[in-house]
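Q: All chains, full assembly: derive it from the sequences and hints.
As they're listed, the protein sequences go chains V and F. If you read the first sequence in my numbering, its first letter stands for residue 57, the second for the next number, and so on. If you read the second sequence in my numbering, its first letter stands for residue 49, the second for the next number, and so on.
If a hint is listed, it holds; no wrong ones were tucked in.
Distance ranges between label pairs, derived from CB positions: (1) Y262/V - L162/F: 49 to 59 Å; (2) V344/F - G95/V: 51 to 61 Å; (3) R181/V - A353/F: 48 to 58 Å; (4) L90/F - R188/V: 37 to 47 Å; (5) Y262/V - I80/F: 32 to 42 Å; (6) P74/F - E208/V: 17 to 27 Å; (7) K310/F - S113/V: 48 to 58 Å; (8) I269/F - R181/V: 27 to 37 Å; (9) G188/F - Y215/V: 26 to 36 Å; (10) V365/F - G201/V: 39 to 49 Å; (11) R181/V - T279/F: 22 to 32 Å; (12) P74/F - N79/V: 50 to 60 Å.
Take a look, some chain F residues computed to stay more than 12 Å from chain V by CB distance: (13) G163; (14) L198; (15) F239; (16) V344; (17) L369.
Keep in mind the hints are simulated off the structure, nothing from the lab. Computed from a prediction, not measured in an experiment: that's the story for all the values here. Just so you know, even glycine gets a beta-carbon here, dropped at the ideal spot from N, CA and C.
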Amino acid sequence: MAVLDVKNLSKSFGGLKAVSDVNLYVKKGELLGLIGPNGAGKTTIFNLLTGVYVPTSGTIELTGSRGERAEIGGMKPYLTARHGISRTFQNIRLFKNMTVLDNILVAMHQNARYTLLEAIFRLPRYYSQETRFAETAAHILALVGLDQKAGELASNLPYGEQRKLEIARAIATGANVIFLDEPAAGMNPSETDELASLIVNLKDEYDLTIILIEHDMKFVMGLCERIYVLDFGTIIAEGSPDEIKHNKRVIQAYLGEEA
Amino acid sequence: MDTKKKNSKRPGFDTPVEKPAKKLAPWQSGLIGLGIVAGVYLILRILISTGVIGAYYQGILHGIFIDIIAALGLNLITGITGQFSLGHAGFMAIGAYTSAYVVLHTSGSMVSILGGILLGAVLAGVLGLLVGIPTLRLKGDYLAIATLGLGEIIRIFIQNTDQQVLGGSAGLTGYGVYAAATSPAGFELVFFGAVITFVVIRNMVKSSHGRACIAVREDEIASESMGVNLTKVKISAFVVGTFFAGLAGGLYTGYTGIIQPKSFDFMQSIEFLMIVVLGGLGNIWGTLIAAAALGVLNMFLQSFAEIRMIIYALLLVIIMLIKAGETPFFVKLRGLFKWSKWNLPFVHRKTEVE
Numbered sequence: 057m058a059v060l061d062v063k064n065l066s067k068s069f070g071g072l073k074a075v076s077d078v079n080l081y082v083k084k085g086e087l088l089g090l091i092g093p094n095g096a097g098k099t100t101i102f103n104l105l106t107g108v109y110v111p112t113s114g115t116i117e118l119t120g121s122r123g124e125r126a127e128i129g130g131m132k133p134y135l136t137a138r139h140g141i142s143r144t145f146q147n148i149r150l151f152k153n154m155t156v157l158d159n160i161l162v163a164m165h166q167n168a169r170y171t172l173l174e175a176i177f178r179l180p181r182y183y184s185q186e187t188r189f190a191e192t193a194a195h196i197l198a199l200v201g202l203d204q205k206a207g208e209l210a211s212n213l214p215y216g217e218q219r220k221l222e223i224a225r226a227i228a229t230g231a232n233v234i235f236l237d238e239p240a241a242g243m244n245p246s247e248t249d250e251l252a253s254l255i256v257n258l259k260d261e262y263d264l265t266i267i268l269i270e271h272d273m274k275f276v277m278g279l280c281e282r283i284y285v286l287d288f289g290t291i292i293a294e295g296s297p298d299e300i301k302h303n304k305r306v307i308q309a310y311l312g313e314e315a
Numbered sequence: 049m050d051t052k053k054k055n056s057k058r059p060g061f062d063t064p065v066e067k068p069a070k071k072l073a074p075w076q077s078g079l080i081g082l083g084i085v086a087g088v089y090l091i092l093r094i095l096i097s098t099g100v101i102g103a104y105y106q107g108i109l110h111g112i113f114i115d116i117i118a119a120l121g122l123n124l125i126t127g128i129t130g131q132f133s134l135g136h137a138g139f140m141a142i143g144a145y146t147s148a149y150v151v152l153h154t155s156g157s158m159v160s161i162l163g164g165i166l167l168g169a170v171l172a173g174v175l176g177l178l179v180g181i182p183t184l185r186l187k188g189d190y191l192a193i194a195t196l197g198l199g200e201i202i203r204i205f206i207q208n209t210d211q212q213v214l215g216g217s218a219g220l221t222g223y224g225v226y227a228a229a230t231s232p233a234g235f236e237l238v239f240f241g242a243v244i245t246f247v248v249i250r251n252m253v254k255s256s257h258g259r260a261c262i263a264v265r266e267d268e269i270a271s272e273s274m275g276v277n278l279t280k281v282k283i284s285a286f287v288v289g290t291f292f293a294g295l296a297g298g299l300y301t302g303y304t305g306i307i308q309p310k311s312f313d314f315m316q317s318i319e320f321l322m323i324v325v326l327g328g329l330g331n332i333w334g335t336l337i338a339a340a341a342l343g344v345l346n347m348f349l350q351s352f353a354e355i356r357m358i359i360y361a362l363l364l365v366i367i368m369l370i371k372a373g374e375t376p377f378f379v380k381l382r383g384l385f386k387w388s389k390w391n392l393p394f395v396h397r398k399t400e401v402e
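A: Here it is in structure tokens:
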């Protein structure tokens, strides 16, 4: 069953066509890779799918956990988040001056069922929700190994842990479709291995569908079940890691034409 | 896949997670807070009743409490939610003129005074809502200019109304003083006004809504992607902040006994901004201390009013240079005056260990 169904998606910035006529689908529970040379339009596609950009044309259809369908193209990011889509960013965008725990709690804000007045007057619903939030947050933090650092400022975490916190934050929204934009960027091989197993574990634990952009080919080929290859804003290949490795057009896109 | 079997014991996945340790039960911390408020109130009340704090110093104290109310409101907008507002005095004027008008045209009893103050605060909040919807789309400098213009529009509007209604540029008076040092329940009015403001802002900040406000200040794109409705968060902070500006205005009315449009000009907004920035952006305890410190400073500078603005300007320049952020100005300054940071050749520098 397709969770996301993208049809004829295009995005132009002035005269530049960053993404043109992209068709892709994502199956439920899949670990999908999106690769391509620099400037191929990978992050633009992420931004279109999460609502940061409004598509120039095309449709993005999301099937929710209860089978309901929604057109999310051009929807504001906070609304796509409500539909169960969340993401991390290429250049980490944590709430730097907030604690690790608060970063997670912010992501749970959309699930808060108490009003501002209930918070101001500290009515019972505030306490019951906050307790539940704290427990869920502690659980997620333990999963990514940050439970001991819950009280630290996000900006004081080492780089690798900031990446993990961003993933944890995306999961805390309660999303079932998660976009990871270069999660392994800047990590050394052992950190990358650890991250790969963490992503698999989290996917099983929360029943997630994960779409990731990554330049580390070993990481992508080892982790993803299916891969789309993007070049100059169009999809040039789709298939399993093995198929992609031997695809002529992909090799051409990365290494150039044979002389 | 070999990634799965690598760590056989995965914390959190295979082993249970410890529940977060409970600090204090709500009723315990509530009781402590209540005790502190009652203690401070009793001490101040006794000092005033016995005449240890004379009428002059009591007046200064009232001014500080009114500043605290307005500055806490601005801190919510500017410090916590990160929306730069320079029109705070304008909203204060709405509260001030509303309450003065109500008291002037009703019996002048305690009920009408409280009703007037509350109505003024509500009207300021409603105006904050109406104005916030279009202006909060703006960012940074543009928002500052828009709110600055708004504050001036309110002031000049009042200045040019019919003298019979709002007093024009001469000001409005004759409604009596009800929050000054000489009035019977004046101290209670400003003290509990400040306490209510503090509790409301604190409770808001320490909730999911408050965390969303801080997240908006930290990173708009990330917070929106995490499901935070930017418009709603900004506007609710603005409405609560302007509500308290209105409340401060209503108390100010009863504090001075006369209100004039020029009391609510741009410089008044800057004064509130000074308090917020000095106390640390987003730091509500810092706002209390900074308001008290500036109140005392103003008391000493009363005979040279011109110098006051020069000192403010200098302070602002210094604050910008040391980039204090959420740390209160005075704490940051103390850090700067550690000799080890000055890199002097004759001072032995301790090597910092991470």
